[in-house]
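Chains as they are written, first to last, in UniProt numbering: chain A, 1 to 300; chain B, 1 to 316.
Among the clues, some could well be false.
Only some residues are given here: those of chain A computed to face chain B with a beta carbon under 8 angstroms [said to hold, decoys possible]:
hint, residue
1, 30
2, 196
3, 198
4, 207
5, 295
Note that these hints are calculated values from the structure, not bench results. Only a predicted model underlies this, so the values are computations on that prediction, with no experimental measurement involved. Note that the Cβ used here is the ideal one computed from N, Cα and C, for glycine as well.
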Amino acid sequence: MSNVAGAPGTAEKSDGAAAKRGSEALHYARRNPKLLIGLGIVLGLLLLGIIAPFFVDHDPNEYIGPQGQAPDGEYWMGTTSFGQDIWAQFVYGLRATFLIGIFGGGVAFVIGTAVGFVAGYKGGIIDEILNMLTNVVLVLPALVVLIVVTAYLEVRGLFVQGVFIGLTSWPWAARAVRSQALSLANRDYVDLARLSGRRTWKIITSEIAPNMSSYLVMSFILLFGGAILIAAGLDFIGLGPSNGVSLGLMLESAVGWGALQRGMWWWFIPPGLGITVIVASLYILNVGLDEVFNPKLREL
Amino acid sequence: MTLRVNDLKVYYQTLRGDVHALDGVTFDLADGEIMGLAGESGCGKTTLGKSLIRLDSRMKHVGGTIELDGKNVPIADEKAMVPLRYHEISLIPQYAMSALNPTRKIGRMIKDLMKARGVDPASIEDELHRRLELVGLEQDVLNRFPIELSGGMKQRVVMVISTLLNPSLLIADEVTSALDVSTQRAVAESMVEFRDRGFVKSMVFVTHDLSLVYQMADTIMVMYAGHVVEKASAKTIVNEPKHPYTQMLISALPEVGSTEEQGRLEGIPGKPPGLLDPPTGCRFKDRCPLAFSKCSERPPLVEIEPGHWAACWKTG
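So here's chain A without its partners, still in its complex pose (with noise of 0.2 angstroms):
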């Protein structure tokens, strides 16, 4: 019977000891230039952001310098129009924007990702409960309740904005999963390990969710730079955390004190360039670690 006819894997020959996954995973991550373009600049933001404030001796909204003075070797991005030391704004804001993000687009992934594998693998009506409850929260004014929540709050830090704007942001994410999950569930795979009688949730995570993982990583990164952009928003109206940086609000205030008209570049560039690399290199980190984590995309 070993010499089936047919049966071409029988000719191949077994090259060495099989590697183990981990070490397997690697190989490919260190070929990928997409992970390695995407993980380098993330990191190397996110270093500047951990890092660089140690390096900066005053408050990033204090009026220093010049008024408008465009970049030099003093101030090397700058001053904004009342003095302030733009590349102290810009790492002190980078940290913001990286917590808000991380806290915010964490809440709502975890809330939105649970929300919508179960929906999606139960059906019946857990569905039909579980949508009902994510369509509210969707058609809810966010900003308003946003508004409403932290005007009560006493204590208005990075990371309870992020935990509220989590709460507010998942409905979306929610139903983008509900919607890959229900189509998942119904594959030949998920139904033979539902007849093996496994656990739902052991089902979800290793049959369902790794053949949508990047899936996942994108829904994280797109609320990622959402909750960076409703942070902005707060923080403009004056519900940010108190004496608060964050590239968002530097981006708001340059357009709100004319920056844009005073042809003051300086000013609007970074953070708006800021928010624009972090969150494209986190997806082209995700087209990267698709292609690393999914045996289909890989190349030799």
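Add chain B to chain A, keeping to what the hints say.
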């Protein structure tokens, strides 16, 4: 007697009413028997295969019993069925090609499955390697992703997984329909080999490929519109069928090397009846050349000679 199905009725629930997909199916399956289950599309053969292992959410168990090795199989009770699956009743699905999760390596998947079934994966590892070898696969496939295997290899992997726990009954649903003929033969031979070695006690082989089933099966059961029309040894069904439907089905098969000059193949005129509101009596009567007044009553499945069952007033 391994399997005894008695007057099994399974309906599909739809908004327009119940579809009578299986309407009183009765048959026995002996130890070591490979039974081919044949019939047109929509005759209920896949439904029967599914009913033996799991009803999907639209299927409703209306009546009848299934006994396996003397024990009742509670097909309507999802929870009670869980311990039986893979251990007692196993399935090679119609979709074996897509039955493997594309993001998991084969070996890891098998381990997960065994754990879910309460079996220590280490305890069956040697057996797993032996069986892979038996179907002509290297151990190396365990370290590969499904995408790295050909269709036939995937099919054989699924075959090994399904039978790893030595189930009493194996349901093979159209397992060869997506394979080319040479691979079909290899798969069919391995199935027989599995039976001969006692990996599975008996097998229901759902197919519409009568010539393949004639090669490998001991018996063939022919279904029509939710009823069993005839069951006999493979030779009898192909060479001397008694039921008019089986006769027409066999005569509709082309033979290798036949040309048009030797006469066009006969089809069966007409269409199978809709099962939403099935006709009374014999369901084949509208297409049957031998139909007469008595056919408005349902003909019972009777043993017309030892081991040969048919449901037709003309044969009984």
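* Do the numbers back the hint for residue 30 of chain A, that is, is its least Cβ distance to chain B under 8 angstroms? -> 19 angstroms, violated
* To do: Classify the hint on residue 207 of chain A as holds or violated, based on whether any CB of chain B lies nearer than 8 angstroms to its CB.
  => 5 angstroms, holds
* Classify the hint on residue 196 of chain A as holds or violated, based on whether any CB of chain B lies nearer than 8 angstroms to its CB. => Holds - the Cβ of residue 196 of chain A comes within 8 angstroms of chain B, reaching about 5 angstroms at its closest.
* For the hint on residue 198 of chain A, does the least C-beta distance to chain B fall short of 8 angstroms? -> 4 angstroms, holds
* How about residue 295 of chain A: closest beta carbon in chain B under 8 angstroms, or not? -> Holds: closest Cβ of chain B sits about 4 angstroms from residue 295 of chain A, inside 8 angstroms.
Checked against the numbered hints listed earlier, the structure breaks hint 1 alone; every other hint is satisfied.
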